[in-house]
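Could you build all of it, start to finish, from the sequences and the hints given here?
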Amino acid sequence: EPEVTQTPSHQVTQMGQEVILRCVPISNHLYFYWYRQILGQKVEFLVSFYNNEISEKSEIFDDQFSVERPDGSNFTLKIRSTKLEDSAMYFCASEDWGPGQPQHFGDGTRLSIL
Amino acid sequence: KQEVTQIPAALSVPEGENLVLNCSFTDSAIYNLQWFRQDPGKGLTSLLLIQSSQREQTSGRLNASLDKSSGRSTLYIAASQPGDSATYLCAVKNTGNQFYFGTGTSLTVIP
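These protein sequence lines are chains P and B, in that order. Each residue of the first sequence is one higher than the one before, starting from 1 at the first, in this note's numbering. Each residue of the second sequence is one higher than the one before, starting from 1 at the first, in this note's numbering.
Keep in mind that the hints are not guaranteed to be accurate.
Using 25 Å as the maximum straight-line C-alpha spacing, the simulated SDA-like pairs for lysine to any residue come out as follows [to be verified]:
| no. | chain 1 | residue 1 | chain 2 | residue 2 |
| --- | --- | --- | --- | --- |
| 1 | P | 42 | B | 16 |
| 2 | B | 1 | B | 110 |
| 3 | B | 1 | P | 85 |
| 4 | P | 42 | B | 5 |
| 5 | P | 57 | B | 82 |
| 6 | B | 42 | P | 20 |
Derived from the structure by calculation, the hints contain no laboratory data.
Put into structure tokens, the structure is as follows:
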């Protein structure tokens, strides 16, 4: 069964550095998402992406965050200048078009900011 | 803003028992509701999705119900097995594209 893949599985970065998290969604899916889960807390929506543009974003997704689908297969989340509080598990998800289509999640990237 | 609550936060049952996990949400204008399973250190595995026009969905030993007017969903697991041990998450999609997650119920099935 096709699946969403995320790399790397664990990223350790110094505070203030830029980080790019990568995702390969399921190939025929049209909607793409990023979520984060701080340790012990809820999974939180960050952003949704459709037709090469952001369709919705949460208040967490400020100017430090950006998303891109550079080549029709990868979907990336960039954090420009990381803060300690960006430490979390980041999940990518994709969804096919149509009602009743579930979101499929990757295994996540654990981001640790030092 | 949509708030999603799950009770209980943790549940421990002996193998073979039937059990019910609860999810409640504050805004009934939902598009769909999805139940997920999360194993430690892993992503989320979709279990069942109920559209706003549906009352329930079944897959194997799992049955999820939705009462939109009262803002509730339940996940029923029949004949529980140790392999069912995981955290179960409920997520609600409003008419936008945002998913709102509950904090989850951590289930332990004791052999």
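Going down the list of hints, with the structure as the test:
1. P:42 / B:16: At roughly 29 Å apart (the allowed maximum being 25 Å), residue 16 (chain B) and residue 42 (chain P) break the hint.
2. B:1 / B:110: It is violated: about 37 Å lies between the C-alpha atoms, which goes past 25 Å.
3. B:1 / P:85: holds (23 Å)
4. P:42 / B:5: Holds: residue 42 (chain P) and residue 5 (chain B) sit about 10 Å apart, inside 25 Å.
5. P:57 / B:82: This hinted pair is violated, its Cα atoms lying about 38 Å apart.
6. B:42 / P:20: holds (20 Å)
When held up to the earlier numbered hints, the structure conflicts with 1, 2, 5 and fits the remainder.
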